[in-house]
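Enquirer: The residues making up each chain are set out below.
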Amino acid sequence: MINYIIKRLLTLIPVVIAVAIVIFTIMYFVPGDPAKNILGQDATEEQLQRERELLGLADPYFVQLGKFLYQLFIKLNPGTSWLSGFPVMTELRVRIPRTLLLSFLTMALGVAVGIPLGVTAAVNQNKLPDKLCMIGSMTFISIPDFWLALEAVILFGLRLHWLPTFGMSSWKCWILPVVCGSLPGIASNARQTRSAMLEVIRSDYVATAKAKGLAPGAIKYKHALPNALIPLITMMGGHLARCLGGSMILENIFSMPGMGMYLTTGITQRDYPVVRSVVVILAIVFGVVMVLVDIVYAFVDPRIKAIYENQTFNLAFWRKRKDA
Amino acid sequence: MKLTRRDFLKVSLGGAVSLSASMLLAGCGSGGSEKQTGHTKIKVGVSGDPKSLAPYALGNDARKMICFHIYQAAMHLLKAGDTPIPAICESYEMDMDGATVTVKLRDGIHDHDGNPFTASDLAYSYNTTKEVANSASYDYFTEVKAIDEKTAVIYYNPTDIVKRNNVESALAQGGVYMFTQAAWEASEDAMVATPVGTGPYRVSSFSVGAKVILEKVEDFWQAEAGYEVPRDYQANFDEIEISVITEVSQIAIALETGDIDASANVSEQDITLFQEGGEHADDFKVVKNEGFLGYFMTFNAHTELGGNINIRKAICHAVDLDGMINTLAKGEAVRMNAPYGTASSAGDYDPKWDEREYFPFSMDTAKEYLDKYLAESGKKAEDVVVKFAVQNNANCPKPAEILQAKLLELGIGVDMKVYDPATFNTILTEEDSYDFTMYCMGWNGVVNAWQLNDSSNYYYHFDKESAMYQELLSYTEPCMSRVTWTQEATEKLWQYVYDNAWVRGLYKNYDNIVVPKWVNEVVINFNRNCMYGSFVHD
Amino acid sequence: MLNSEKEQQGRGKKQSQLREVLKRLMKNKTAAVGMVIFLIIALASVLAPVLAPYDYAQMNLDETFQTPSREHLLGTDEYGRDYLSRILYGGRFSLGLGLCAQLFSLFFGVILGCFAGYYGGKTDNLIMRICDVWQSIPGILFTIILCAALGTGWINTVIAMGLGGIPGNCRMIRAQLLSLREREFIEAEHAINCPSGKIMFRHLLPNAISPLIVSSTMGIGNTINGAAGLAYLGLGVQPPTPEWGALISAARAQIRYYPYLILYPGLMLAITILSLNMFGDGLRDAMDPKLKN
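Chains as they are written, first to last, in the working numbering: chain A, 1 to 324; chain B, 1001 to 1538; chain C, 2001 to 2293.
One or more hints might be untrue.
Label-pair ranges, simulated between beta-carbon atoms [what the hints assert, rightly or not]: (1) C2194/C x P97/A: 54 to 60 angstroms; (2) G1114/B x G56/A: 37 to 43 angstroms; (3) K1079/B x S170/A: 39 to 45 angstroms; (4) V300/A x L2267/C: 36 to 42 angstroms.
No lab work stands behind these hints, which were simulated from the structure alone.
Ideal placement from N, C-alpha and C gives every residue a C-beta, glycine not left out.
Work out the full structure: start from the sequences and follow the hints.
Expert: Right under this line is the structure:
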């Protein structure tokens, strides 16, 4: 098992390096001159040239790439923001915890509310709770999140004065963003759990358990749910990706400066060091979470644990079969 | 009837619920309506992230506002176009032949950390800023040397010292912020997050991207040493808390819930809440401040359409300025009929230019000019497609959309592309990417705008070898130098630009500053920034 | 003529399979309702030039922010443009965006996935690593980066959103192919020397495509939602193009004063996604043989 984990973490390294190369190349070809952006309209050509040399933009592609990879991976120095002069590491040290906290809270709420909702819906299939759950979930998946967030701010912050509307000064400030962000997650978790549970409920082993006379709660949570969890866990990995990336809209609306807006302004203002480093860090976070997801599979499904330990099967294939 | 245990439980539960509900509703967030006396703190909301508080950084309004509170320059301006008054320096003397400016410092200057400030620090500030910033703004001087404790010499470029008003504005407006060598060397991050200046406020906390708290400097040197402190350097609050609110509609909401007291970034839509007759007119008042950024249109002489005077005039006459101002600015904006807007630092703006309507809105006139073009080129209206490049900054696309709709009515095609500022800067230099542009810029005098600078904004549009460019140059050159400048020369340049429709000004928005009722006077500095610290209040 | 007989048999099997799926779909009331609603919206969008009372870019600066009235059934926006026309045309741009982006990622995802799943070995490994790298950058951020690189505008948005979905489709098809290629009918194809291309696209693909169709159908909704997010940042479709996401994003400044500006396109968006999801759910149930009852 440990061997498996180590092997997975090791394969992460070439992937992260590849991501660094890809993002570097994309930004290299993005139109727009960072030097002009930094110096402003009035700069002369020589100043622009000098600035480009200072920024390292005057070198040919491979030299720039080499320097970048060396700085990032060997010296572990993501560089300084071209626009603010702030070291990227300093900003990230403050911003990453905010984004991660927001994403994890959102996901946690999505799971804590979504799964029981889905289980209830599956168990009461086609009756009222099921219909309500389905309609509710489909509604929340369809609404753009910033609309929902703005309406919530107006209702709960402005009209009712229950919650603060922006910033991070107290724990109350996190309630609105987390709830707004988790609603689509709750919705899709509920749907996914429901369909996975439905599949499982009709299976033979559940019928056997019922025939044996087991209590309904035990059937639901000890036999049915663990089997239904596998596709759900896969989906949550994707969810995290969406949370990390999509948090930017919530961060903007609630003025919680995190990685999302940092990256977005970096892209629109051609702040290359910021974009490159943040994307690489996101790739690392995402990769590690995927490995964690695979480990969770092992705990949930003993068959998968056996596979890891035997390593005679192509795991990815097996995993995909489970949720195809 | 006996009260059963159940009844008792119901009643107490109901009571507890309603009590807590009413407490919740009444409790939180009622700051806006409290009546306080003796305010010592003001909470400000800004929409842009200041990012860096270093003295040399270029930045947005929020950054400039904060920097004006914490730093000072060699001289000071109360209003743009005025003569500079003393700040760090008591006086300055120009030597045109030697291309030097000698400054004399005042006494008793020290920074927030207590380090004494001498002429060598002044020289250090200038030289370090020039080196670190690598910006065109600091190219006018080569270096600064300190002669003794209280005197320093700035070595100007000979071409720059003769430029009109360059010396005055460089010492004060576009001036270098002063800091001591000791503080700079002690700072770990080149003063990006830990600035140490000489101004009336200091930074007590800086939360990246979220909040900046400024606190009053108790031993502000200018007051201590007995000098007169100009109006916009008075420190009337003990603390200024600046919150960054990125979503514009949240700023109005924050004002209403009392999370912030004042802001200059409230959107035009939301401002009605705070004006007369609005929901919150009792707790706030709105002060109009002429904005900094105005909308301009410029034409590209390289392309066939941009280089054709009839097309240019047609487009200029299709601008429905009234419609734009009524729709987008609720009828309140500063018209910039003169392409270079109002009061410039170069001081060569003549208010009478704004009294005329240079390109009155008339679809018929526009059609006339278009027909002239069609006649001489033999084309049909449908075949004419103008390329319109718009900068995506400060709502520039909005008046652009209105113009596009009007041009479409003329029967021609309009290929409008909105570029983010970074790409826009690059597009401007491409000869064929656009026929005309709309973007927003800080106001410029006629003279400043057409500076003898190869990369200047407007010169992109011309082929340096062409006769058109040489002609323009012949009008611009006399205006550039202190020595050859005359008002007539400026008028002639002005007339030439207008006759050829090379640039068309649109309008400048008013910045609406919303302040609480307990602020009696709003203080705005020469750069149109709000000096919150100097607000006069109860 | 063994080949053509087999082909005819194959086609016949596919036809009856299609008919079966349709039958099951029709029986599912939710799916049927979803399909009908979506078809109505799609039809209204296609017929926008006929149905719209005004030109969507025609401004009338004296009639801004009108509430719904007889002249303007859904009111006017901040420039006095008729909102009903903008929403009708908006349907074209939004649905078109969703559809084209999904088709784009389906097309390229399927090709990549087929090669990976069919050939296996080194090709498979290479393509999977590429997909790993591709998917390591979270979706919406990847789209933003691509939008910055490609520029704004409808077509560039389609490409940017389509590119993000390719690895997902690729993996799905590959998974299906990996399980299918061991089956006997493929062995038989090999035995008669059927060319690989034919095997891949004529025989394997039709059997493997069903989960992709379901996910693409539901993906259309996600794409339109994503476009709204892009519009929020000022990327994506540019004015005066009335794409729904752009309309919602532009209207958020007036959310307290003229809520109908955000309500109508928001409702259209929600209904479209809802109907697509209902249809997609029904489609998945219909295509899944295990739920045959």
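Enquirer: None of the hints should be skipped; say for each whether it holds.
Expert: Now the hints, each set against the structure:
At about 57 angstroms, the CB distance of C2194/C to P97/A agrees with the hint of 54 to 60 angstroms. A beta carbon spacing of about 39 angstroms between G1114/B and G56/A agrees with the range 37 to 43 angstroms that was offered as a hint. Taken as a hint, the range 39 to 45 angstroms holds for the pair K1079/B and S170/A, whose Cβ atoms sit roughly 42 angstroms apart. Checking the proposed 36 to 42 angstroms range against V300/A and L2267/C shows it holds: the Cβ atoms sit about 40 angstroms from each other.
The structure is consistent with each of the numbered hints, conforming to all of them.
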